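Protein chains: 2
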Amino acid sequence: MEPNNACTMHSHCIEMSMEVHQVVPPPHKSTLQKLQGRLKETFFPDDPLRQFKGQPLKRKLILGAQYVFPILQWGPKYNLKLFKSDLVSGLTIASLAIPQGISYAKLASLPPIVGLYSSFVPPLVYAVLGSSKDLAVGPVSIASLVMGSMLRQEVSPTADPILFLQLAFTSTLFAGLFQASLGILRLGFIIDFLSKAILIGFMAGAAIIVSLQQLKSLLGITHFTNQMGLIPVMTSVFHNIHEWSWQTILMGICFLVLLLLARHVSIKKPKLFWVSAGAPLMSVIISTLLVFAIKAQNHGISAIGKLQQGINPPSWNMLLFHGSHLGLVMKTGLITGILSLTEGIAVGRTFAALKNYKVDGNKEMMAIGFMNVVGSFTSCYVTTGAFSRSAVNNNAGAKTAVSNVVMSVTVMVTLLFLMPLFQYTPNVVLGAIIVTAVIGLIDLPAACNIWKIDKFDFVVMLTAFLGVLFISVQGGLALAVGLSTFKILLQITRPKTVMLGKIPGTDIYRNLDQYKEAVRIPGFLILSIEAPINFANITYLNERTLRWIEEEEEDNIKEQLSLRFLVLEMSAVSAVDTSGISLFKELKATLEKKGVELVLVNPLAEVIEKLKKADEANDFIRADNLFLTVGEAVASLSSAMKGQSSTITEGTHTIVSHN
Amino acid sequence: MEPNNACTMHSHCIEMSMEVHQVVPPPHKSTLQKLQGRLKETFFPDDPLRQFKGQPLKRKLILGAQYVFPILQWGPKYNLKLFKSDLVSGLTIASLAIPQGISYAKLASLPPIVGLYSSFVPPLVYAVLGSSKDLAVGPVSIASLVMGSMLRQEVSPTADPILFLQLAFTSTLFAGLFQASLGILRLGFIIDFLSKAILIGFMAGAAIIVSLQQLKSLLGITHFTNQMGLIPVMTSVFHNIHEWSWQTILMGICFLVLLLLARHVSIKKPKLFWVSAGAPLMSVIISTLLVFAIKAQNHGISAIGKLQQGINPPSWNMLLFHGSHLGLVMKTGLITGILSLTEGIAVGRTFAALKNYKVDGNKEMMAIGFMNVVGSFTSCYVTTGAFSRSAVNNNAGAKTAVSNVVMSVTVMVTLLFLMPLFQYTPNVVLGAIIVTAVIGLIDLPAACNIWKIDKFDFVVMLTAFLGVLFISVQGGLALAVGLSTFKILLQITRPKTVMLGKIPGTDIYRNLDQYKEAVRIPGFLILSIEAPINFANITYLNERTLRWIEEEEEDNIKEQLSLRFLVLEMSAVSAVDTSGISLFKELKATLEKKGVELVLVNPLAEVIEKLKKADEANDFIRADNLFLTVGEAVASLSSAMKGQSSTITEGTHTIVSHN
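Chains as they are written, first to last, in the working numbering: chain A, 2 to 660; chain B, 2 to 660.
Source of the hints: derived by calculation from the structure; they are not laboratory data.
These figures come from a predicted structure and were not determined experimentally.
Any given hint could turn out to be false.
If we take Cβ atoms under 8 Å as the criterion, some of the chain A residues that face chain B in the derived model are [as the list claims (entries may be wrong)]:
id : residue
1  : 40
2  : 50
3  : 153
4  : 155
5  : 197
6  : 244
7  : 245
8  : 247
9  : 374
10 : 378
11 : 379
12 : 489
13 : 491
14 : 532
15 : 625
In this text, a Cβ means the ideal position worked out from N, Cα and C, and glycines have one as well.
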């Protein structure tokens, strides 16, 4: 009784030890159905229309409106308690947004006020369209840096400030259009090619570039290079030692130490987040008062100067769609667009994962894109969800996008009434604020971790880092993306083939290298192919397989055995093309001449389907060389090979099954 | 007794049904060792140094010389019997080589005699260096067409014939250098990217382009366009109807029918291969006599004209390494080099597979490359192993590369003594010979087969075909290669995830879609991921997995079950990078919030190694969420889940194992 009992419970069972299971092709689908399925997986992996299924029309319309305007989803449930949290966090990020806005605009060689304009309109747009609850919107350091450096290639912001501004707004429009169309066309996966490793290297490089640029204001140099690279900047710094101003340097060091200390406190004790969040505004206030009190501009400390009052003027009349700079503007839009999008999406995803809600990548892209399009009409430059600001927002307890609205209103009040106060703010403090902000972008522990886990990723990271430092921001990025794409192609071109052996006492076949206890089966060569088989690797696979066979034959000669079967375990071959099919035909022909039979194990749906279509002569889809598991293949083929032992097995089989 | 007996025989055995096998990491290797292994698989998959291992120095030197000069391998064993076969086949291919050489040179807009020069020196070089026994060397239609069309973009062969010739020789040098360096640097896999599908589409398009060019000589038009595209050629043909010569057309049709008939006979009866092999030479002789007899040049039939006598003059003084055409020359060399290499390697491999010997791709590249370098010094243009000629060579019984030597000597005799005879050969017959040759390049059955097996490959093929016809030869190729590379990237970006179920009565888990009898296990969601996990697909995999879980949870609510385990079957995940590792961490965190446990099954060597390195908190490498097979995972986890049934199992286990 017991064995039988065990059988029904465990399924590893004597009764079926010799039963061989059929490999079956997948159910038939028309080409159109397959195309449809493929397109759905490619462009709609999240199946956004699922929630609409089976709903009445009215509900469908409501859901549709909520899909386009997420505010309709959370707005009706909004209450005073939520508002209290949002008010606190909104004021906190506003105190960060004002000095950062001014600083980042200067980083992009734009008038400081454009940075404040960009912290007013875009957050309002995002509050209506965005689906993240934690994203704090505004200009960011990297996109500012890239926009400034790219546009400066053709136009000088000091010689022709109006044209420069026009180019900046037009680039912003193109960035927005590009971002929105990525979302609409559901091509968001393009930003995935900026991998984590690339971003870490890139951001560290950019942080250094940005910090170096700040040497201008930190040292008080007036004649500074327009270039970005490490070498021209250092040359410029040391060629102009006579311009260094000790008063500026002293002030810079003081505030830099202050800001870095505040940052350090907040990192050590996350509850004291407001220390680092408020420090920039405090520094601006203190330094402005100081400059005003001691009339520091007479001591060589330069200040921002007079700023215009009032909210964003319209700028649609400043957009340029012709002229010799159009190419540059489109390129700048594309690159700043993709960089700011990457930051915005990554921030959104990070906080959504923390708080266990979902942001829809493609929808976010549309929101950020539309926000930039509107921004380009209202004197804003490229904005997105900023890492540091969103972290502060989240720490300060933000519950919904209303915190963005609070920040926006605060910035508006500043624009309307407080602008004259910034007249005496020294540039050196803005430089210190930028340096403190970007120094957080250098993530050494992450770099170490990458070195530990994956050396190739580390090389990619280093490429991005050094490329940004010594070539250019775009060049470094392109090089790193190219390198990591090349790695993917190389993985396909040189797929792993692994020899399998049987783990004693089981029916499990595994990599002989990895599982030292696994043993080889005499007469069988069992290989596992670990990649799709296609035009790029059939030559390699053919050569490599024949080398495996030759090596096996050499071993066999020593042991006076002959190789009878080549078993290809195909569980990892996810796809095959016409070239792949021809590989099997060729292999089969070559093996036949050597007296070796080709056996396929567990070809997946697509593979078995194509093999069947190509196999008019019924060479592959025969029961005696197609098996569901390696175990069954070996068992069945060895019993066929040894007639005698086969009879015993049959006998046992009968006895047990009638037990 | 019997069950126990069965156990030792089959290993599917009750005793170990509850035994759980450990997943182990691969043995430790240093970064350097890994790099070495990776480099070896990338650049030396055929392990060319294997034969040298453990041999004495003298033997090593001999093997080395034989490696560089394969003639040393077969030369010593050469005998009279082999020579008889090679003589017959050599004379046969010479009779084909002479008219083809003249025709293809005209196709490349070069003087006809350059085609004969190119059938004299390169075959001699190949005989010494080449490792194929069947390759018949000489100019080929596609490379001739491409070289002519590319060089004509900048220089007119009629207005400046000397410069044109200089560019052709220089391009040949660059082609040779490029080919040889691909071989030396072992980068031969680059030509694999010209897949079979691309080549079929490309060759069909090129055949049409080439045939259209022949309308010039077939219709007797004197003012013909210099462009290659379908549209300009047809325009040129119909704008010059008044130039059509009925005598030429009549003669052209006669010989075309004759040649096509001969080709048809040889296809139907392969033993009559000499009919189509000898037909071109016969046509040339008959038509020349005819023209001479009836003084046809007076009737509007143009002839080749006077040809220079004597063997190849040196041409190293004609190579140009400066001037405005250098860029074009290098590009032409690159493209003709890659095209002729692809043809040569494919021909070599095809016949090697037929006759069961091996050609070393990288060695062949060096041989073909060196042959072209020498050719460029001796008034030859690009040559390679030609499809049609090699087939004739093989049919005629060639045994070794000596048949190339015989052909070469025959061409030499022709060059020295028979050149005046070609003076009256009409151009129209050369046109008919080319059309007959290239029409064989259109492979409709192969195209149908591709349509049947893989629709995407068909699209790639069509792209190459239409691209060549309507854009340009290089443009069409680049487009098709880009498209098929994009497909590979898309496969990685959108890997398949498949839900597995248990095949009843076994421990085998397979695709639920494919195996209709497979059943789901309540409480488990078992997914198989069928691609390496990396930066390009983690976002997709994350979203897709969460969608699987949501769908599963919806189903479960109906059945009042709760999902307990997400089992990821990783047998097909051949590699993972740092982003891939972060996917697991993220998934685990998300799942924990849903009360679902993440279980990994059979991670491969590289994956387990990296997981272990990244896993300081010991989150993944715990015995209770890492299993060797899905069966063991499900069995072990369900027994842990149901305490009671677990006890029964344990009991059974004990009883059975002590049976």
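Each hint, compared with the structure:
1. For residue 40(A), the suggested interface contact is broken, since its CB lies about 10 Å from the closest CB of chain B, more than 8 Å.
2. A cut of 8 Å between beta carbons decides the hint on residue 50(A): the least distance to chain B is about 12 Å, and the hint is violated.
3. Given the 8 Å rule on beta carbons, the hint for residue 153(A) is violated: about 31 Å separates it from the nearest Cβ of chain B.
4. Interface hint at residue 155(A): violated, since its Cβ lies 26 Å from the closest Cβ of chain B, which is beyond the 8 Å cut-off.
5. The restraint placing residue 197(A) at the interface with chain B holds, with a minimum CB-CB distance near 5 Å, inside the 8 Å limit.
6. Nearest Cβ of chain B to the Cβ of residue 244(A): about 44 Å, over the 8 Å cut. The hint is violated.
7. Here the hint on residue 245(A) is broken, as its CB sits about 42 Å from the closest CB of chain B, past 8 Å.
8. With its C-beta approaching chain B no nearer than about 45 Å, residue 247(A) sits outside the 8 Å limit, and its interface hint is violated.
9. About 25 Å separates the beta-carbon of residue 374(A) from the nearest beta-carbon of chain B, more than 8 Å, and the hint is not met.
10. Hint status for residue 378(A) relative to chain B: violated, with the closest Cβ pair at about 31 Å, above 8 Å.
11. Taking 8 Å as the C-beta contact cut-off toward chain B, the hint placing residue 379(A) at the interface is violated, the least distance being around 32 Å.
12. Look at residue 489(A): its Cβ gets to within about 5 Å of chain B, closer than 8 Å, so that hint holds up.
13. Taking 8 Å as the C-beta cut-off, the interface hint given for residue 491(A) holds, the closest approach to chain B being about 7 Å.
14. A hinted interface residue such as residue 532(A) counts as satisfied when its beta carbon comes closer than 8 Å to some beta carbon of chain B; here the least separation is about 6 Å, so the hint holds.
15. Evaluation of the residue 625(A) hint against chain B yields a violated restraint, the C-beta minimum of about 19 Å exceeding 8 Å.
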